[in-house]
Amino acid sequence: MTLTRKPLSRRSILRSGAAGGLVLATPTIFTSRAWSAGYLNEPMGDTVTLGFNVPQTGAYADEGADELRAYQLAVKHLNGEGDGGMLNTFSSKALGGNGVNGKKVAFVTGDTQTKSDAARASAKRMIEKDGAVMITGGSSSGVAIAVQSLCQEAGVIFMAGLTHSNDTTGKDRRANGFRHFFNTEMSGAALAPVLKNAYGEGRKVYHLTADYTWGWSQEGSIQKYTEPFGWETVAAVRTPVGAGDYSQYITPILNSGADTLVLNHYGKDMVNSLSQAVQFGLRDKEVNGKPFVIVVPLFSRLMAQGAGDAIKGIFGSTNWHWSLQDAGSQAFVKSFGQEYGFPPSQAAHTCYVQALLYADAAQRAGTFMPSAVGAALEGFEFDGLGNGPTLYRAADHQCFKDVLVVKGKENPSSQFDLLEVVEITPRAQVEYPADMLGGELGSYNNGV
Amino acid sequence: MDVLLLQLLNGLDKGGAYALIALGLTLIFGTLGVVNFAHGALFMLGAFCAVSFNKLITLQKITIDPTKTTAWGSPLEVRTPYAEAMFGDFGIWIVNYSVPVSILLAIPVMLLVGFVMERGLIKHFYNRPHADQILVTFGLAIVLQEIIKAIFGANPLPQTAPDAVRGAADIGAMLGLQAGAIVYPWWRMVYLLFAAGIIAGVFAFLQFTTFGMVVRAGMADRETVGLLGINIERRFTIVFAIAAVVAGLAGVMYTPILPPDYHIGMDFLVLSFVVVVVGGMGSLPGAVAAGFLLGILQSFASMNEVKEILPGIDQIIIYLVAVVILLVRPRGLMGRRGVMEN
Chain G
82 MTLTRKPLSR RSILRSGAAG GLVLATPTIF TSRAWSAGYL NEPMGDTVTL GFNVPQTGAY
142 ADEGADELRA YQLAVKHLNG EGDGGMLNTF SSKALGGNGV NGKKVAFVTG DTQTKSDAAR
202 ASAKRMIEKD GAVMITGGSS SGVAIAVQSL CQEAGVIFMA GLTHSNDTTG KDRRANGFRH
262 FFNTEMSGAA LAPVLKNAYG EGRKVYHLTA DYTWGWSQEG SIQKYTEPFG WETVAAVRTP
322 VGAGDYSQYI TPILNSGADT LVLNHYGKDM VNSLSQAVQF GLRDKEVNGK PFVIVVPLFS
382 RLMAQGAGDA IKGIFGSTNW HWSLQDAGSQ AFVKSFGQEY GFPPSQAAHT CYVQALLYAD
442 AAQRAGTFMP SAVGAALEGF EFDGLGNGPT LYRAADHQCF KDVLVVKGKE NPSSQFDLLE
502 VVEITPRAQV EYPADMLGGE LGSYNNGV
Chain Z
24 MDVLLLQLLN GLDKGGAYAL IALGLTLIFG TLGVVNFAHG ALFMLGAFCA VSFNKLITLQ
84 KITIDPTKTT AWGSPLEVRT PYAEAMFGDF GIWIVNYSVP VSILLAIPVM LLVGFVMERG
144 LIKHFYNRPH ADQILVTFGL AIVLQEIIKA IFGANPLPQT APDAVRGAAD IGAMLGLQAG
204 AIVYPWWRMV YLLFAAGIIA GVFAFLQFTT FGMVVRAGMA DRETVGLLGI NIERRFTIVF
264 AIAAVVAGLA GVMYTPILPP DYHIGMDFLV LSFVVVVVGG MGSLPGAVAA GFLLGILQSF
324 ASMNEVKEIL PGIDQIIIYL VAVVILLVRP RGLMGRRGVM EN
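For the record, the sequence lines run as chains G and Z. The first sequence maps to residues 82 to 529 in our numbering. The second sequence maps to residues 24 to 365 in our numbering.
Just so you know, these hints were derived from the structure itself, not from any lab. All the pointers check out, no bait thrown in.
Stretches of chain Z that chain G covers, calculated by requiring three or more beta carbons in the stretch to come under 8 Å of a beta carbon on chain G:
(1) 170-184
(2) 208-215
Non-contacting residues of chain Z with respect to chain G, defined by C-beta distances greater than 12 Å in every case (computed):
(3) 131
(4) 256
(5) 352
Subject to a maximum C-alpha distance of 20 Å in a straight line, what follows is the list of computed PhoX-like cross-link-like pairs (lysine-lysine):
(6) 488/G x 393/G
(7) 393/G x 366/G
(8) 305/G x 252/G
(9) 415/G x 91/Z
(10) 196/G x 172/Z
(11) 415/G x 157/G
Beta carbons: idealized from backbone N, C-alpha and C, even for Gly.
All chains should be built: construct the whole structure from the sequences, respecting the hints.
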């Protein structure tokens, strides 16, 4: 046998190059940490990566920016920086401000653009390329449902941001998805008694409804809870999302015989429809011997700022408000206010809380494996995070807690002081059977 | 009857906005032959002239009150408006009338924007295909949008109409009909009158001034006007700037109707292009007539009685009309023969 050193030929270089290229081109998802352990994206180093998927461009960019601020604050607190925020008031003491499961918390961000396809693409990128072990954030139910479904298929936990449609934890619920924010069912249950007390029984109601999952869900819930005391629906008109000028939808209300307008709109749509309804003099009108009233079932401070004077005296519901006086809310407002110079929105609050709840569950489970983290969240009772005693219900992964009924302030003292809390509806009043909204959680997917 | 009158008013009001934007678009297309997709951005810039003016005159002097703290423990900031402190009642008046007064700021700003846009960018695309013009002006619109978003944020910024014209007029009672049956916001009626005034002004300018006569001649036959020794290019630059001012003023006055955000121009742009196509590319009377016609049609199509028969018709009526017009009369309602027909 002779050992001869073969000279390099053009063919061998090409062959080696092709083989090398093939190896390099193999998706990282097959070669890296993604599939190498007991679950997808198991962190092998000294950090764990969370994916914050928020609207950074588009109509909800301001709300997304507030969500991102809250997440960054949560990461600081989880890693032991800053004043600790709500970690100090959280009833669970599993987290010690030294990361989670001995790993420092790192994060990557994605831009949902408030579009389902863009949100799914950015979540996919964070899971596959950045190794995110959990995805959280968002300002739209359509987006939340789309991303939740992606996370279920991929095998990571999804901690929903601001999503209010019943469907997120109703017919579109998934085992890997969890929601802290309240839903339209709870808004209806909380708001209806207050409306009855304020405006009486037997009203004729005109609904203007954003034509997508959240709008339908909100309209249905308000009808369900107000019809028993004689609030009759005169018309329920669907409006396209982003309609801009609502005058063509508002003028028919004037002669419809309705004495109540329910605006099932959110964000810019709500700002525009409410401003224009007020311009048309609806708030000063008298119909059927009663003053005409407007109701906005879902309020947020950022929207209230956009609507200006139009929100004065208008009832709505909200998940949380910075003026709450419980220790958790005050700790969060102090932390956030000192960091950024203004109080947090409800979107910021729910996102901050979701980040903490995920970290706490992972710490208690001793792993980031989705099924174990999910099991730690299921049925978890906690307090000190701003909404009173709260339950993460196992059957549908929906949080149950007190709901706030708010009203636009007549004399705001600052640009942030626009809503006043008129009632804190106790949790028991907004609870409903888990099977009422349909849907199946299915089983956890750990991504392997 | 009440409902029909209300929808007519609504249509006229909506049509006024469409007509104003379409008028500017048509001026630019008719003179320069440029399809300007940045025209909606000019409307948006006008709206933000009103926002900027309001922010300027409501600037507040901030002093720290060390005896009080905010909810997050920082010392309380006490804000005193400069306008009120410095000018007293006049300061209060100017804040109240900030939207109409901001026209004084918008005119020079939009003239400058129009001039810079035409000289700096658009003129390089006169002889390029329409596709290139659309791409570059659309790109410019996005750049302008992003700049406004970076400065003012993504949230709508409400502007209020002056107290004197805030609220709604009971037109039913004025006409001797049932009180409260026809109620219409005062400011929307002001806007309608304003739109009519601007449209009349532009027509008068083009019809009764020497400048306008030269421009109309240039629109009809650019080469011959050039051969007569007239610098038609310079006049067209001025026309572009005037079109920018028209769009900008439409934006300024629209702010109390719709709280402006960075995207407000795009919301109007597509509809305005349809208006131009329906009216006839390059036809100023066509743009105005089609603006009002489509506004009124859209308003009537939104009536619940109509939608019960034809669900969703309010969303497609404008495009449906455009399709029919393009099929039956490709040059539009009042377009000149040969323009955009091949």
